[in-house]
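Asker: Line order of the protein sequences matches chains Z and H.
Be aware that the first sequence starts at 1, since it is given in the working numbering, and climbs by one per residue.
Be aware that the second sequence starts at 1001, since it is given in the working numbering, and climbs by one per residue.
Watch out, some of these pointers could steer you wrong.
[What the hints assert, rightly or not] Chain Z is faced by these chain H residues, among others (derived, beta-carbon under 8 Å): (1) 1111; (2) 1116; (3) 1118; (4) 1119; (5) 1164; (6) 1188; (7) 1203; (8) 1212; (9) 1230; (10) 1357; (11) 1358; (12) 1422; (13) 1443; (14) 1457.
[As the list claims (entries may be wrong)] One side of the interface only, derived from the structure: several residues of chain Z facing chain H at Cβ under 10 Å: (15) 45; (16) 47; (17) 49; (18) 86; (19) 138; (20) 328.
Hints were generated in silico from the structure; no laboratory data involved.
Where is the CB? At the ideal position from N, CA and C, for every residue including glycine.
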Amino acid sequence: MAELVRPAAEWELQTVIAKLAAQKMPAEIVGHGALRNAGRPSAAEIVISTASLRGVTLYEPTELVMSARAGTPLLEIEAELASRGQMLPFEPVDLAPTTGAPAGALSIGGVFATNMSGSRRIATGSARDHLLGVRGVNGRAELFKSGGRVMKNVTGLDVARGLTGSWGTLAVLTELTFKVVPLPESMLTLVYRNLPDDLAIEALTTAMGTPFEVTGAVHLPKGAAVRLRHPKLKALGQSLTLLRLENFIASIAYRKDKLIDALKVFGTPLEFGSEDTWAIWNELRQLSVMPYATETSLWRISTVPTKAPEIVAAIKKFMPAEAFYDWSGGLIWLEVPAAADAGASDVRRAVAVRGGHATLIRAAPEVRAIVDVFEPMKPEVERLTRGMKAAFDPLGLLNRGRMYANL
Amino acid sequence: MTSLRLPDPDQAVISRRAAIIEDIARLIGRDALIADEDGRRAFETDALTAYRRVPLLVVLPRTTEDVSKVLRYCHDNGLKVIPRGAGTSLCGGALPAEDAIVLCVSKMNRILDVDYANRCARVESGITNLAISARVSGNGFFYAPDPSSQLACTLAGNLAMNSGGAHCLKYGVTTNNVLGVRMVLIDGTVVDIGGAHLDAPGYDLLSYVIGSEGQLGVITEATVRILRAAEGARPMLVGFGSPESAGACVSGIIGAGIVPVAIEYMDKPAIEVCEAFAPAGYPLDVEALLIIEVEGSDTEIGVLLNRIAEIASAYQPKSMVISTDPDHSARIWAGRKAAFGAVGRISDYYCMDGTIPLGQLPHVLTRIGEICSGYGLKVANIFHAGDGNLHPLILYNANSPEEAEKAELAGADILRLCVEVGGCLTGEHGVGIEKRDLMTVQFSPTDLAVQMRIKTVFDPGWLLNPAKVFPLDVSAAHTDQRAAAAPRAA
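Turn these sequences into a full structure, and let the hints steer you where they fit.
Answerer: Next up, the structure:
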């Protein structure tokens, strides 16, 4: 059993890392454990948790900015924002339910460390895009800051943003400052039925090319659609293609009609109001259609929307697969049968020839230990990546091997 | 305005000039070089014109391969390189050095691919900002970042400085609108970072590269997001008797859940100068003016502007005018966009670029006034109020070295003030040489060391855009490694 350390202050974290450095002893970095079943498994004997670094430290609703310590649960942050009629613009995805980790455990540090952004990413940007500043401790036990609390800041290198998606391998984040936005006054979901994948993606990309500010564009082939919890959608038993509008009441009424008209060749959609819309998109960001199961593995594929149906079709030639298309097709969550390599060689080949990259999200730990979880790097990118790791964490103490073996 | 220290040029390099020109001509052709003194003099400065240095040589590559050959040569021969776009930097980001080669990407200005279905375009970095939008506007699309210099500035420069613009309140800055780049490292290695998809795998190297002010490599191509433009847009003008009311009104609008596409602020001196230059119907009897723009269909715009007018009326506006037609809207924006030129007509000015938390606005404006009058100088304030990005224009006489020095000192005091109230030194113009020595006000030695180690990963010999961004004394330890890192041929 690994030893758990829970520093409650930045200086304490520095002391812990300095001790590890002296002993050259690597540590696993966690929040509340929501991400421990994702990424490559850690072999470290020490676990540093940011769970005690907790609480919102700054919230200025009229400046659209919030700061929180890294271990603050996402749920707590979203509740605080909702109480002032605001939200996170990028709709973070919680990997915990689909990977069998404890629900509700995702911390704000984990949100930015993985940069897992949900459906609204296509309209308003990703977690990375809304990060304004960080404080953290690197593998040299140095406390540093980057960015700040203001909306526009180009002072020096953008280290804060650069740390997003680094899975705790460069620094232990202690505090994050990010941009927030007002909750929409009204929401609406249009649901098109029975479209095959390629037509569905055409509908979604057409919608994204209109001026009506679609904030969610997903396609659920029948296999995924019947897994929805939302009773009315589940009962349809068909493939479903969803578009979301979020705006002022007057705008929604106008834009809905314009959008339906622009997409009339794709059929007549069902319409769902604010309450249903909230429920539907909330379960999608919990990946409800890709539930935890040991018999399957889950891939996350990032590509350009128009290539998505081809990629899925190509993979299906080699194995059965269930897809959930988000980001108008630019993001594919793909469930495949559990196998010794989780289908990696076929998945990666299908993606490589069409452009994009694939990340293995769910698989047994022994599979994630031997298969490349993240897209293998080209030599010149690997050189820079290794350089970055050495710059922040020369002894390789922080989350060693969580992203790439030997790094 | 010349108080900043620049390193002494390396005479050994200067004495090898003729041989260097021959070598590079052999690599990429003589017609890609500007070697004569008059030609080189055209590149001696950027938009921070107080500083001038004639470069050793100017090269104008046409392909990524050309850039790679030149950089590899410079790497192998320990030559410094100043990457340059259109030279519109306000912070001396493209200032040459006598012993350095200017590598200007302006001839690489093609659009390589436009993909409307996937909402992206692949372009060469020397293209101007506006040319991207011009190419896609026929299909109703645009490239969002809109710096005031967009007619002239290149995407390469926008990438280097992470440029913003008036409309980034809604659409974000450069880093939010770029998906991938092709970049050449100092040793000539060509690296593709990101792509056309919405997130890059592995470390977010793109974040480090965008806004790195030419410190990490030379970007030759980029894949940028293009967005479908709104059906329409219309501004309104709201005048106030005090900066406090204007600031409170901005908070009131955002607090009510409305994020307009732009909120611009002008103070009385700026309003007067702009109105005299390009009559836009700005009220002359107010202390502060907001230009607030919203987007959508005609009906939507009407609803939103009325709602904003209702909110604004709680803050004792002295005047409120909603644009009546496209021509009126164009005049309102023409006044704002011509602001720097208009001020330049009455005086030389020094443009600052700090960002502050919005709540500090009244305090900061008062202090800016006090700081400038303390030096016996006048100031006009024009800025992006929605995101707290200030552009105080300090007026001075450039023919008087004393006034120039005072302007520079006042500017530094203003930037210190921005940091003091929780803001930063630069919101969108960059550090360059101008704010280099103020970096220690915002960052601890550790913060800077973290950044400089990243620079060293990409450019071990510190040959790219030297003497910028990092204070010379702070970076000395890193640059001293140069001799060891970069082997010299001669």
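Asker: Does each hint fit the structure? Answer for all of them.
Answerer: Structure-based check of all given hints:
no. : hint : verdict
1   : 1111 : 17 Å, violated
2   : 1116 : 6 Å, holds
3   : 1118 : 4 Å, holds
4   : 1119 : 6 Å, holds
5   : 1164 : 5 Å, holds
6   : 1188 : 11 Å, violated
7   : 1203 : 5 Å, holds
8   : 1212 : 6 Å, holds
9   : 1230 : 5 Å, holds
10  : 1357 : 6 Å, holds
11  : 1358 : 5 Å, holds
12  : 1422 : 6 Å, holds
13  : 1443 : 6 Å, holds
14  : 1457 : 3 Å, holds
15  : 45   : 26 Å, violated
16  : 47   : 23 Å, violated
17  : 49   : 23 Å, violated
18  : 86   : 8 Å, holds
19  : 138  : 7 Å, holds
20  : 328  : 9 Å, holds
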